[in-house]
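Chain order of the listed sequences is A and B. Counting from 1, position 218 in the first sequence corresponds to residue 218 in my numbering; the numbering is continuous, with no gaps. Counting from 1, position 324 in the second sequence corresponds to residue 573 in my numbering; the numbering is continuous, with no gaps.
These aren't lab readings, by the way, just hints derived from the structure by calculation. Backbone N, C-alpha and C define an ideal beta-carbon position, used for all residues, glycine too. Be aware that one or more of the hints could be misleading.
[As the list claims (entries may be wrong)] Below, computed lysine-lysine pairings styled on BS3-like, alpha-carbon distance capped at 27 Å: (1) A:K54 with A:K198; (2) A:K121 with A:K141; (3) A:K121 with B:K444; (4) B:K444 with A:K111.
[Stated by the list, open to error] Listed below are several chain A residues computed to face chain B (Cβ distance under 10 Å; list not exhaustive): (5) K30; (6) S52; (7) Q87; (8) F116; (9) E120; (10) T123.
[As the list claims (entries may be wrong)] Short derived list, chain A residues pointing at chain B, Cβ under 8 Å: (11) N79; (12) R94; (13) L95; (14) S96; (15) A107; (16) T112; (17) P118; (18) H122; (19) E124; (20) L165; (21) R168.
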Amino acid sequence: MATPVLETWGLSKQFGSLLAVNEVDFQVPKGELCAVIGPNGAGKTTFFNLISGKLEPTAGGVFFEGEDITGLPPHAVVNKGVGRSFQITNIFPRLSVLDNVRIAVLARRGKTLDMFSPIEKHTEEQDEALVILGEVELEHKAHHPTTELGHGERRNLELGITLALEPRLILLDEPTAGMSMEETSSTIDLVKKISHDKTVVFTEHDMSVVFSIADRISVLHQGSIIAEGTPEEIRNDDLVRLAYLGEEV
Amino acid sequence: MEGMASGKKLLTRLAERLTGRFGVTALLILAVLAPFLVQSDYYIQLCTEILIASLLAISLNFLIGYTGLVSLGHAVYLGVGAYAFALLTKNVYPSMWAGLIVAGASCALLAWFMGIFCVRLAGLYFAMLTLAFSQVVYTVAYYWRDVTGGDDGMLGIPKPEIGIPGAFSISLESFTNFYYFVLIIVATLIFLSWKIANSPFGRVLQAIRENPERVEFIGLPVHRYKLYAFIIAGTLGGFAGGLYSTFQGYISPDLLYWTQSGEIVLMTILGGMYSFLGPAFGAGLLLYIRDTVLNFMEYWRIVVGSILVLLVLFLPGGILGFFEGWISRLSIGGDHGDARS
Numbered sequence: 001m002a003t004p005v006l007e008t009w010g011l012s013k014q015f016g017s018l019l020a021v022n023e024v025d026f027q028v029p030k031g032e033l034c035a036v037i038g039p040n041g042a043g044k045t046t047f048f049n050l051i052s053g054k055l056e057p058t059a060g061g062v063f064f065e066g067e068d069i070t071g072l073p074p075h076a077v078v079n080k081g082v083g084r085s086f087q088i089t090n091i092f093p094r095l096s097v098l099d100n101v102r103i104a105v106l107a108r109r110g111k112t113l114d115m116f117s118p119i120e121k122h123t124e125e126q127d128e129a130l131v132i133l134g135e136v137e138l139e140h141k142a143h144h145p146t147t148e149l150g151h152g153e154r155r156n157l158e159l160g161i162t163l164a165l166e167p168r169l170i171l172l173d174e175p176t177a178g179m180s181m182e183e184t185s186s187t188i189d190l191v192k193k194i195s196h197d198k199t200v201v202f203t204e205h206d207m208s209v210v211f212s213i214a215d216r217i218s219v220l221h222q223g224s225i226i227a228e229g230t231p232e233e234i235r236n237d238d239l240v241r242l243a244y245l246g247e248e249v
Numbered sequence: 250m251e252g253m254a255s256g257k258k259l260l261t262r263l264a265e266r267l268t269g270r271f272g273v274t275a276l277l278i279l280a281v282l283a284p285f286l287v288q289s290d291y292y293i294q295l296c297t298e299i300l301i302a303s304l305l306a307i308s309l310n311f312l313i314g315y316t317g318l319v320s321l322g323h324a325v326y327l328g329v330g331a332y333a334f335a336l337l338t339k340n341v342y343p344s345m346w347a348g349l350i351v352a353g354a355s356c357a358l359l360a361w362f363m364g365i366f367c368v369r370l371a372g373l374y375f376a377m378l379t380l381a382f383s384q385v386v387y388t389v390a391y392y393w394r395d396v397t398g399g400d401d402g403m404l405g406i407p408k409p410e411i412g413i414p415g416a417f418s419i420s421l422e423s424f425t426n427f428y429y430f431v432l433i434i435v436a437t438l439i440f441l442s443w444k445i446a447n448s449p450f451g452r453v454l455q456a457i458r459e460n461p462e463r464v465e466f467i468g469l470p471v472h473r474y475k476l477y478a479f480i481i482a483g484t485l486g487g488f489a490g491g492l493y494s495t496f497q498g499y500i501s502p503d504l505l506y507w508t509q510s511g512e513i514v515l516m517t518i519l520g521g522m523y524s525f526l527g528p529a530f531g532a533g534l535l536l537y538i539r540d541t542v543l544n545f546m547e548y549w550r551i552v553v554g555s556i557l558v559l560l561v562l563f564l565p566g567g568i569l570g571f572f573e574g575w576i577s578r579l580s581i582g583g584d585h586g587d588a589r590s
């Protein structure tokens, strides 16, 4: 079997007496769209924080394309090829929409230490940023301040920033959090499009979304993975029904 | 209706011109003509001091306005730059260029050293640590009498002539010559700052101000970028210190005291920290108020303090910041006018 894009072995995080993530073994094969679900407080965001370097695990390891990235700082993890978006919209509010994405393109291309040429002269990066803004349907607002964007548009902008890094693995923490039905469906289309040529791991609270787009689902409960499988398998798993899904599915 | 719209458009265009390249050119021409306009040694001196303070305030704004780091110890560079210039030109070799380079370089080193500790912190902790460092340096300058002259300070700092030895030389003893010398140095360094502020690097600093965590997650080591900003601000501040040293001919540890740091922060806030030239405008305003009010009473800071209170309440973007905001609102208003007609 080919090396999985992402693997964790015995990954654990303890906050005081709380074991937020408990010996998680997790693999994502290349090209898969994988969902991590679980009730509030199950440890989904902590799990993402451990993979992306925001938190250091108390035990266990994280491997990206076979390489040990455990404990690397976030910027180093990004430079390996892991991009992430956040549950709480995480953009640069007082920069223009274009600059939000442009800065990420410049960062990926290693141009951010350039101190003496005007940012507008980097036309290649600007064009690329505009293409990405087109993908997230914000091209027409490129020169507006982000304060003029609606909630859904800001979430899309954040996704654009992450895409600009051209990551091979994308972690999306509740990409549709707080969105209207309409916004949710357009963002889900976007996530599906992205997953054509990238590996994506996402968390989501909307079960209809999860079951309609995920190739595989892992269920996190009190810090441990209690079930893994295709949407069909998860739907029929008694343990999952008991712990989480209840009457919903 | 149509007449009003076109009038608004004209006003908008004029306003945009004033803040753009046109405005900067006009400002530069004004600066070049200043000695002829004021026709008095006293005001030429004041203009010189304003130029130096402008550089100082713009250098601090790399931290406050661009990177979002409120430093309360920026006077450390004014002081260390000034002492470095004085020590070199008095004790080693009286050269203007060597003095300025040593002033800038010593502050670059100092900023690098202090920065290693400071950039790991943010907010109030960052502010407190910069304050603490600057007070340490103040104390050293105050008590190390053999080198710094203690609280007596240093007197007789020269204004070495510039030129090429053997070929020609220009004396800087006259107020006008010295003013032009300072203008050239300050304009060059401010131009350089402007280039940095508008480069990809400058935009990263703004991004750090907005959201340091996200910058880390686009793959950039935030601490290192903060450190670079810290060193740039310190080096430019050091040049201002060197210029101040030769300008006054006399320095004392007061230059390093925390109230001096506070004054530089005031300049930045008065003029507007989100506008590139705002701090320079604030520097000019502060020094002008000081000089005018001092003629009537000793407590000029009361006037500055009152203005500051009003500003924070009514124009939180600073004075120049307010006008720039007003102009951009005006242009949006102009567009609406077009849409309606």
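Going through the hints against the structure:
As the CA atoms of A:K54 and A:K198 are separated by approximately 22 Å, the hinted pair is consistent with the 27 Å bound. The straight-line distance between the Cα atoms of A:K121 and A:K141 is roughly 20 Å, inside the 27 Å bound, and the hint therefore holds. Of the pairs offered as hints, the one joining A:K121 and B:K444 holds, with about 12 Å between alpha carbons and a cut-off of 27 Å not exceeded. Simply put, B:K444 and A:K111 have alpha-carbon atoms about 15 Å apart, close enough for the 27 Å limit, and the pair holds.
Restraint check, A:K30 versus chain B: the minimum CB separation of about 21 Å is more than 10 Å; hint violated. Annotation: A:S52 was flagged as interfacial toward chain B, and the flag holds, the nearest CB pair being 7 Å apart, inside 10 Å. The beta carbon of A:Q87 comes no nearer than 13 Å to any beta carbon in chain B, farther than 10 Å, and the hint placing it at the interface is violated. Restraint check, A:F116 versus chain B: the minimum CB separation of about 5 Å is within 10 Å; hint holds.
Given hint, A:E120 at the interface with chain B, holds; its Cβ is 8 Å from that chain's nearest Cβ, closer than 10 Å. With its C-beta approaching chain B no nearer than about 13 Å, A:T123 sits outside the 10 Å limit, and its interface hint is violated. Using the Cβ-Cβ criterion of 8 Å, the hint placing A:N79 at the interface with chain B is satisfied: the shortest such distance is roughly 5 Å. Interface restraint check: A:R94 against chain B, minimum CB-CB distance 6 Å, threshold 8 Å, status holds.
Satisfaction of the interface hint for A:L95 is found here, the shortest Cβ-Cβ separation to chain B being roughly 6 Å, below the 8 Å cut-off. Hint status for A:S96 relative to chain B: violated, with the closest Cβ pair at about 10 Å, above 8 Å. Taking 8 Å as the C-beta contact cut-off toward chain B, the hint placing A:A107 at the interface holds, the least distance being around 5 Å. Evaluation of the A:T112 hint against chain B yields a held restraint, the C-beta minimum of about 5 Å falling below 8 Å.
Among the interface hints, the one on A:P118 holds; its C-beta lies about 5 Å from the nearest C-beta in chain B, closer than the 8 Å criterion. The criterion of a C-beta within 8 Å of any C-beta in chain B is met by A:H122, whose closest approach is roughly 7 Å, and the hint holds. A cut of 8 Å between beta carbons decides the hint on A:E124: the least distance to chain B is about 12 Å, and the hint is violated. Hint status for A:L165 relative to chain B: holds, with the closest Cβ pair at about 6 Å, below 8 Å.
The closest approach between the C-beta of A:R168 and any C-beta of chain B is roughly 13 Å, which is over the 8 Å cut-off, so the hint fails.
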